[in-house]
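Peer 1: Each chain is listed here by its residues.
Number of protein chains: 2
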Amino acid sequence: MRELTVELGDRSYPIYIGEGLLKEASSYFIKHGISQKSPLLIITDSNIADIHLKTLESELAGAGFKTASVVVPAGESSKSLAMLETLVAKALEEGLDRKSAIVALGGGVVGDLAGFVAASYMRGIKFVQVPTTILAHDSSVGGKVAVNHPFAKNIIGAFHQPELVLYDLNTLQTLPPREVSAGLSEVIKHGLIWDESFVAWCEENAEKLRALDAEALGYALYKGCSVKAAVVSKDERENDLRAILNLGHTIGHALEAVAGYGELLHGEAISIGMVGSAKLGMRYGAPEEVYTITKRVLAKAGLPVRLPEHLDVDKIMEAMMHDKKFAEGTMVFVVPTAIGSVEMKSDVRIQWVREIVEQLKQEVQQ
Amino acid sequence: MRELTVELGDRSYPIYIGEGLLKEASSYFIKHGISQKSPLLIITDSNIADIHLKTLESELAGAGFKTASVVVPAGESSKSLAMLETLVAKALEEGLDRKSAIVALGGGVVGDLAGFVAASYMRGIKFVQVPTTILAHDSSVGGKVAVNHPFAKNIIGAFHQPELVLYDLNTLQTLPPREVSAGLSEVIKHGLIWDESFVAWCEENAEKLRALDAEALGYALYKGCSVKAAVVSKDERENDLRAILNLGHTIGHALEAVAGYGELLHGEAISIGMVGSAKLGMRYGAPEEVYTITKRVLAKAGLPVRLPEHLDVDKIMEAMMHDKKFAEGTMVFVVPTAIGSVEMKSDVRIQWVREIVEQLKQEVQQ
Numbered sequence: 112m113r114e115l116t117v118e119l120g121d122r123s124y125p126i127y128i129g130e131g132l133l134k135e136a137s138s139y140f141i142k143h144g145i146s147q148k149s150p151l152l153i154i155t156d157s158n159i160a161d162i163h164l165k166t167l168e169s170e171l172a173g174a175g176f177k178t179a180s181v182v183v184p185a186g187e188s189s190k191s192l193a194m195l196e197t198l199v200a201k202a203l204e205e206g207l208d209r210k211s212a213i214v215a216l217g218g219g220v221v222g223d224l225a226g227f228v229a230a231s232y233m234r235g236i237k238f239v240q241v242p243t244t245i246l247a248h249d250s251s252v253g254g255k256v257a258v259n260h261p262f263a264k265n266i267i268g269a270f271h272q273p274e275l276v277l278y279d280l281n282t283l284q285t286l287p288p289r290e291v292s293a294g295l296s297e298v299i300k301h302g303l304i305w306d307e308s309f310v311a312w313c314e315e316n317a318e319k320l321r322a323l324d325a326e327a328l329g330y331a332l333y334k335g336c337s338v339k340a341a342v343v344s345k346d347e348r349e350n351d352l353r354a355i356l357n358l359g360h361t362i363g364h365a366l367e368a369v370a371g372y373g374e375l376l377h378g379e380a381i382s383i384g385m386v387g388s389a390k391l392g393m394r395y396g397a398p399e400e401v402y403t404i405t406k407r408v409l410a411k412a413g414l415p416v417r418l419p420e421h422l423d424v425d426k427i428m429e430a431m432m433h434d435k436k437f438a439e440g441t442m443v444f445v446v447p448t449a450i451g452s453v454e455m456k457s458d459v460r461i462q463w464v465r466e467i468v469e470q471l472k473q474e475v476q477q
Numbered sequence: 112m113r114e115l116t117v118e119l120g121d122r123s124y125p126i127y128i129g130e131g132l133l134k135e136a137s138s139y140f141i142k143h144g145i146s147q148k149s150p151l152l153i154i155t156d157s158n159i160a161d162i163h164l165k166t167l168e169s170e171l172a173g174a175g176f177k178t179a180s181v182v183v184p185a186g187e188s189s190k191s192l193a194m195l196e197t198l199v200a201k202a203l204e205e206g207l208d209r210k211s212a213i214v215a216l217g218g219g220v221v222g223d224l225a226g227f228v229a230a231s232y233m234r235g236i237k238f239v240q241v242p243t244t245i246l247a248h249d250s251s252v253g254g255k256v257a258v259n260h261p262f263a264k265n266i267i268g269a270f271h272q273p274e275l276v277l278y279d280l281n282t283l284q285t286l287p288p289r290e291v292s293a294g295l296s297e298v299i300k301h302g303l304i305w306d307e308s309f310v311a312w313c314e315e316n317a318e319k320l321r322a323l324d325a326e327a328l329g330y331a332l333y334k335g336c337s338v339k340a341a342v343v344s345k346d347e348r349e350n351d352l353r354a355i356l357n358l359g360h361t362i363g364h365a366l367e368a369v370a371g372y373g374e375l376l377h378g379e380a381i382s383i384g385m386v387g388s389a390k391l392g393m394r395y396g397a398p399e400e401v402y403t404i405t406k407r408v409l410a411k412a413g414l415p416v417r418l419p420e421h422l423d424v425d426k427i428m429e430a431m432m433h434d435k436k437f438a439e440g441t442m443v444f445v446v447p448t449a450i451g452s453v454e455m456k457s458d459v460r461i462q463w464v465r466e467i468v469e470q471l472k473q474e475v476q477q
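Protein chains in written order, with our numbering: chain A, 112 to 477; chain B, 112 to 477.
Hints may contain errors.
Which copy is meant is left open, because identical chains are indistinguishable; a pair holds if it fits in one copy or across any two.
To be verified - Pairs of lysine to any residue, SDA-like flavour, derived with a Cα cap of 20 Å:
#, residue 1, residue 2
1, Lys165, Thr178
2, Lys201, Met432
3, Lys142, Gln476
4, Lys201, Ser191
5, Lys264, Glu196
6, Lys345, Asp121
7, Lys210, Phe270
8, Lys148, Asp351
9, Lys201, Pro261
10, Lys177, Arg289
11, Lys472, Ala263
12, Lys134, Glu454
Source of the hints: derived by calculation from the structure; they are not laboratory data.
When you get a sec, could you build the whole thing from the sequences and use the hints?
Peer 2: Following this line, the structure appears as C-alpha cells:
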C-alpha cells in the first residue's frame with residue numbers, strides 16, 4: 112500500500128493506493144473523520160454500480176455508516192446542471208446535513224459531478240473520492256470539480272478538496288484496454304511536465320502498465336499523483352504554475368469538442384494535443400528529441416498521436432478560441448522545453464497553432 | 112463616506128457606504144484591481160434596471176471598462192439553476208474570462224444569484240457587490256451566495272467573497288416603506304446578537320431610519336455591517352460562531368416557506384422569528400425585558416411581531432424539520448440571553464418550539 116499527502120495547509124488530504132482498499136473503506140473513513148451519524152450519499156455510474164457498489168455499501172453499512180446510493184448514467188452527459196438538481200433532491204430526501212459526506216465511486220465524470228454536488232450542497236460538505244479508473248488519478252488531486260454547460264465543458268464548478276482519496280487497484284482490473292491507454296495519457300503527461308526519469312520508466316514499463324500489472328500500476332499512479340500534488344500544493348487556485356498541468360489540453364479540449372464527446376476519449380485527445388505541443392516547443396527552440404520521445408512514449412502506451420483526417424481544422428481553431436485558458440484575449444500555450452520540463456508561452460501566434468494542427472493529420476501513427 | 116473592512120486574511124475586502132458612490136464607481140473598481148481589459152458582466156433585476164443600470168454602465172464605460180449587462184426578473188424565482196445556466200451562457204457570449212468580474216447591482220436576490228455565478232463560472236471569478244436595498248447589507252458581508260432548489264431555499268451555493276462592496280445610499284431612496292422596514296429587521300438583528308447600545312440607538316432613531324435619513328441610515332448600515340463582519344471574520348465557514356447570525360431564521364425560514372415566498376418578506380418573517388426566539392430565551396432563563404425590548408424595537412421599525420392567523424402550525428413545524436440548521440438530527444436554536452447577547456442551544460425540545468409558534472399567533476401587534 113502506498114500513501115501520499117496533497118499538501119494544502121488546513122485542506123491537506125491523503126491518497127491511499129493499494130489492492131483491496133474498497134473492502135477496508137470504513138477504517139479509512141473513520142480515521143479521517145467521516146461521520147457515522149449523518150447519512151452519506153454514494154454517487155456512482157451505471158458502469159461501476161454493478162461491479163463495485165454493493166461491496167462499498169456493505170463494507171460501510173457493516174461498520175455503522177448510514178449510506179444511500181444513486182446511480183447516474185455513465186458518460187459525460189451526466190455532468191449537467193439538471194443532474195445536479197436531481198442529486199441535490201436525492202441528498203435532501205436522504206436527509207444529508209452539514210456533517211454528511213458525498214462519496215464519488217467511479218471515474219473522472221463521477222468525481223467531477225459528485226465533487227460539485229459536495230462543493231455546492233449547503234455551500235459545501237465533505238467529499239471522499241474512490242476512483243475506479245487510471246484517468247481519475249488526475250482529477251483526484253487538486254479539487255477541481257465541475258459540471259458542463261451546453262456551450263462549454265467544465266465551465267460551472269469549484270475548487271473543493273476531498274477528505275481522502277481511496278484508490279483500490281483491484282477496481283482497475285475490469286477496465287477495457289482503450290480506457291487503460293487513455294488513462295496512461297495523463298500519467299505520462301505528469302512525467303513530461305516534471306520528471307524525465309519517470310518518462311523513461313513509463314516507456315520501459317508500457318507493456319506492464321497496459322497489462323494492468325498491480326505493482327507497476329501502483330507505482331505509476333503514485334508518481335502521477337505525486338507530480339500533480341507537488342504542482343497543486345504550490346498553486347491551488349490555478350494562478351500560474353498550475354497551468355502547466357494543461358500540457359496538451361488546449362488542443363485536446365478543442366479536439367474533444369469538435370469530434371463530439373465520445374469519438375476521442377479525453378486521454379486520446381490530449382495525447383494528440385501533447386504531440387502538437389511538442390511540435391510547438393520546437394518552434395521555440397526545444398530539441399527535436401522532445402518531440403520524438405513524446406510521440407514514442409505515447410504510442411507505446413497505445414495512444415493515438417495523429418489527428419483523425421475528417422476533423423475540420425477551422426472548427427478546431429474556433430473551438431480553441433472559446434477555450435477558457437485565454438485570459439484577456441491573449442493566446443496562451445504550455446510548451447515543452449525538454450522532457451520533464453515545460454514553459455508557459457503567451458502571445459503564441461495563431462498561425463503557428465493552425466499549421467501544427469494541420470501537420471498533426473500527417474503524423475505517422477506508430 | 113464610511114468605510115469598513117471585512118477581515119478575512121487574503122480574502123479581506125472593503126465596504127464603502129455613502130451618497131453618490133454609483134457615479135464614482137470606476138475609481139473604486141480601479142483601486143481594487145477590477146480589470147479594464149476583460150469584460151465585466153453587470154447582473155441586475157427588472158426593478159433596478161430602469162433606475163440605476165444606465166448610471167453604472169456609463170460611469171464604467173466612461174472610464175474604459177468593457178461592460179455587458181443582463182436583467183433578470185425581480186424576485187426569488189430568479190435564484191434558480193435554470194437562471195444560472197442562462198447567465199453562464201451570457202457570460203460565455205460576452206467573452207468573460209478568468210480575469211473578468213461579475214457585478215451584482217441589486218438587493219439580496221441579485222447578490223446571491225450573481226455571487227453564485229461568480230463563484231462557479233470557471234470555478235470562480237471576481238465579484239463586486241453594489242447593493243440597492245437595506246436588507247442587502249446583510250448578504251454583502253460574509254460571502255454566502257446561493258440559488259434555490261425546488262425543494263429547499265439556498266441549498267446550492269458557495270462561500271465567495273467580493274472584491275469590494277459599494278453601498279450608495281442614494282439607491283435606497285426609492286425603496287417602498289415595507290421594504291425599508293424589512294431591511295431594518297436584519298440591522299436590528301445585528302444589534303440583538305452583539306450590541307445592546309446599538310439596539311437602543313435603533314429604537315431612538317426608528318423614525319429617521321424609516322424616513323431614509325441619509326446620516327442615520329449610513330450609520331445603521333455601517334454598524335450592521337460591522338457586527339456581521341466581526342462575526343464572519345472569526346468564523347468564515349459557519350462552523351460555530353457564525354451560526355448566531357441565524358437568530359430568528361429557523362422559524363423565519365419556515366414561515367417564508369409555508370406562507371409562500373412573497374406573502375411575508377424575509378425581514379418580516381425573521382422579525383416574527385426573533386420574537387419567537389426571545390420567548391424561547393425566557394424558557395432558558397433570560398429576563399422578560401429581552402422579549403419586550405425585542406418586540407418593541409421591531410414594532411417601531413414597522414415590522415410584524417405576530418404570526419398571521421391562517422398559517423398552519425403543523426406545516427411550519429414540518430418546514431423547520433427540513434431546515435438545514437439541524438445537524439445530525441438534533442434541533443439547534445439561537446436564543447437571546449440578554450439584549451446584545453445570544454447563545455446556541457442544541458437539543459431544544461420540539462414541543463417548546465411548537466408552543467411558541469402557537470403563541471406567536473396571540474402576540475399583540477403594537
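Peer 1: Flag every earlier hint the structure violates by its number, smallest first.
Peer 2: When the structure is compared with the hints, numbers 3, 10, 11, 12 turn out to be violated.
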